[in-house]
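Asks: Chain by chain, the residues:
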Amino acid sequence: MTAVETRPRPAPALTAKRSRPRPALRRLARRVPLNLAALGVLAVSVFPVYWMAVTAFTPAAGIQSDTPAFWPAHPTLAHFATAVRADGFWLFWRNSLAVTASAVLLSLLVALPAAFAVARLRWRGRRAFALMVFVAQMAPWEALLIPMFVIARDTGMLDRLSMLTLVYFMCTLPFTIVTLRGFLAAIPPELEEAAMTDGAGRAAAFRLVVLPLLAPGLMSTSLFGFITAWNEFAFANALIIKNQDDRTLPVWLSSFANVFGTDWGATMAAASLFMLPVLLVFLALQRRVTSGLISGAVKG
Amino acid sequence: MSVLPRPSPRRLAGLWPYLLVAPTVAGTAFLLLYPVLRSVVISVQHFRTGELIRGGAAFVGLENYQDALGGPEFWQVVGRTFAWTAVNVVLIMAIATPVALMTARLGRRMRLAVMSGLVLTWATPVLAATTIFQWLFQSRLGVVNRLLVTLGFGSFEDHIWFAGGASTFAILVALVVWQSVPFAAITLYAGLTTIPAELEESARIDGASGAQIFRDITFPILRPLFGLITSLEVIWVFKCFAQIWAISKGGPDGATTTLPVYAFQVAQSLHKYDLGAAVSTLTVLILVAVLITHLRRMLKHEGEIL
Amino acid sequence: MRYRLLAATGLLALAAGLTACGSPSPSTAAPGSSAGAGAAPVELTVWVMRDSFSDAVLGRFTTAFRQSHPGITLDIQIQEWDGIGQKVTSGLASNDAPDVIEVGNTQVAEYAASGGVRDLTGKVADLGGADWLPGLAEPGKVDGHQYGVPWYAANRVVIYNKDLFAKAGITTPPKTREEWLTATATLDKGGDQGIYLAGQNWYTLAGFVWDEGGDLAVKDGATWKGALDTPQALAGMDFYKRLQALGEGPKDSDESRPPQADVFAKGDVAQLIATPGAAVAIEKANPGLAGNLGFFPIPGKTADRPGAVFTGGSDLIIPEASRNQDAAYEVVKALAGETFQRDMAKEMSYVPNRVSLAGALDGDEGTAAMAAAAAGGHATPNSPNWAAVEAKNVIKEYMTKALTGADPASEAAAASRTIATILNTTS
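Quick mapping for you: the protein sequence lines, in order, are chains A, B and C.
Note that the first sequence covers residues 120 to 419 in my numbering.
Note that the second sequence covers residues 2 to 307 in my numbering.
Note that the third sequence covers residues 15 to 441 in my numbering.
Bear in mind the hints are in silico, worked out from the structure with no lab data behind them.
For clarity, every value in this text was computed on a predicted model and none was experimentally measured.
For glycine and all other residues, C-beta sits at the position ideal for the given N, C-alpha and C.
Careful: at least some of the hints might be erroneous.
Pairwise CB distance ranges (calculated) [stated by the list, open to error]:
hint : chain 1 : residue 1 : chain 2 : residue 2 : range
1    : A       : G275      : B       : S168      : 44 to 50 angstroms
2    : A       : S281      : C       : E94       : 21 to 27 angstroms
3    : C       : A420      : B       : V88       : 22 to 28 angstroms
4    : C       : N300      : B       : S168      : 33 to 39 angstroms
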């Protein structure tokens, strides 16, 4: 955090776009501290993840050596091999992916109409509904372990990935509605109305006009839901008891030390593989997610 | 309570909105409200391992609440939770605001780089992040100790960060702040982009300094956004559980036991599910009390703030 | 396809909610009894703790059991110690529990009292319970009813790397604490560790404290007092600290994080304090060490008496919620029976569950070391709240502080107060 604290105060006479043309040299001089600060922020935010990757690729001897190397001189895949070969890794990885993806899809499917109703329609009870969604974010999920366990048991849903899916769906639903509402509100209703006067039905107008504009929002929202569900440990640990093949990755990795001992290389490789789906989604959608976060937040 | 629907140019079939929110309401009722009610019921019963297994828990009234509120431990934990929340949220806002202001002034490429870095941090799964931080601060091979030793602080050779309460607390704060700043900074930056540049321009011509501009123009315009972010961060930090549990399980010596961790410990480690449920109920009540002003304003604005 | 899945989950959601509302109160499902042994083929789930047994022992058992009980297949699942209390409780509370569970002898009483464990009082004779080890049979008994079936016992010994001892010129294992410290300091040279002792190995600390004549907690009339701050207990901690410094064991972790057998298996650690069974895990992780491991009792203060040790071991329980009660009993009977007991005693160097089987251990070095110390066996304070002391890591955190420079006396006093508070709560 120190690097962030030492950033200079934003230089006064600096506006990015519309400042009148000034001598290039002076502008450059002013830009140097600003860019240095930016580099500092970048370094602090990226370093831990970078260090994870470096460790994962550094041979064991390098990790043990007295001077830490900030770049693996002889990168190795040995740690990844160790991680992947560990008992059941891919099985749990697949379970996690299946549960997470279905929970996120279900949550989008349910949240979209609700967000539409809050953003676009006027109806009695709308205020109460909005309040309920906000308060739902405060739900103390860890405290619901025992009630959830009892409910799952009494309905024969213990030891089932579908029960986990439902829990994750509910964990992500409130935030999904809140953000989707933000994105929807940012799209002018006039666009839909224009389409409707051109003869399209409300559903068609929504599908043809609103949905494409909503794409970045849907993506950044689902990324958030994905991360939440992908991470979840407590419920996965409590609700999957006897069907050990239905365990998810976080449960299996919850105590990396149990699996890999002092092998930090393999631990970091496993952590990298754990992060991989998120990274892939992030790289594929990077632009849209970033712009999605911004446009969603504006009206947030 | 009832706000009559304003006549809208688009005439709506009255049932539509209700159909659209029905799945959400049903889901919330069955998967959230019902478990919460069960939890409240447990909190007024004698519900330990035996009752969990055999059923037939007896009603004991407010006994568990008296138990929780009567001991000194609960109040210590409450105090610690407030300190934890305050330290984190203040740091998050104090770092995110300048980062957002900075980002708005960067050139296109640099801005994209910073934004990507922030989003990457934001997207790092908690479990991966906690493992990484344990590795960074590992006593023998951790990079932090090695760098400190290289910089001449020889006393950090093999220093054990997770042995002391204060240093464990500090590392957890660093972790949570590191993970939370991106959301706050990106959202604030997005808000900054909506402020017309002319406003700042004219203030500057009038000779206002950067600090004055922020105080008199930027902040007032973005006040609702600041309010929203702060309250979301308060909720998230207050409820923060996974990071603390993964790194310290509330230790050493309870130095990192906040309310959610305490409730979990009581319920899951000590098998006092009834007492744990009471602590959880109290936790939510405290959180609602903290955010009551925000909620009240939200009611007034009819959900616009959402 | 995707939508069909979603629709299905949605329906499940509704179904879950509706039926949940309809069911009046949680109750244990009736233990199914339809699938008896020999009837329709059943698969039984057996929970065994990590590193309790080698794959070979379990494999031989599974094969033999399949032959003698056609129609029953066994799914042996290895459980981690971390968070096991919660896991077993969930299992007992579910309506399709694992059929047989291994539980530590310090924990079995709590489960037995919970009402979710099958009462096997009527089967004691059938199981050969006349001469069960009292240290395993007593904790499994509540109000005269036998719930836990003794499985095996073990106490801690020192496992050493013969090569490293030879390299350091040490020919006879140390007999007293002072000899032990000297030898360990000699071994702790170059890249080698004299001993790998994690900072939070509190069973080992307890042994040192008992050696000094102290205890973890003592009962004074009706009230408990934490005893970590007595001069005896502090002397035990002091010895622990001196020993711990002669290696690179992490001061802020216990013996399972990382698993100490794996650390020892790397070959640069001269000594380890563990049950003899750990040798099996070590040889599995590094077959190169086979035949290179020796055992000796934890040295005491004087040569004529080995150090005091905690008597550890496990019982077997059958959850009421197991759906295969009869078949599960067959498994327990076989696991507690003579064939398995002899086999595991030989391979794991554990003490069998019956006194009359002690002969199975003759001639085994690990067992000899263990037997020498067994006379000095101790137990943890006999209070139902002791599990809470363990769950709150009171002793472990005290140890880390004492090892990392805090004042042991004042930290011990604080920890003792916490222990007293926990033990004196009425539950």
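Asks: None of the hints should be skipped; say for each whether it holds.
Replies: Here's how the hints hold up against the structure:
no. : hint                                   : result
1   : A/G275 with B/S168: 44 to 50 angstroms : holds, 47 angstroms
2   : A/S281 with C/E94: 21 to 27 angstroms  : holds, 25 angstroms
3   : C/A420 with B/V88: 22 to 28 angstroms  : holds, 24 angstroms
4   : C/N300 with B/S168: 33 to 39 angstroms : holds, 35 angstroms
Violation of the numbered hints given earlier is absent; every hint is satisfied by the structure.
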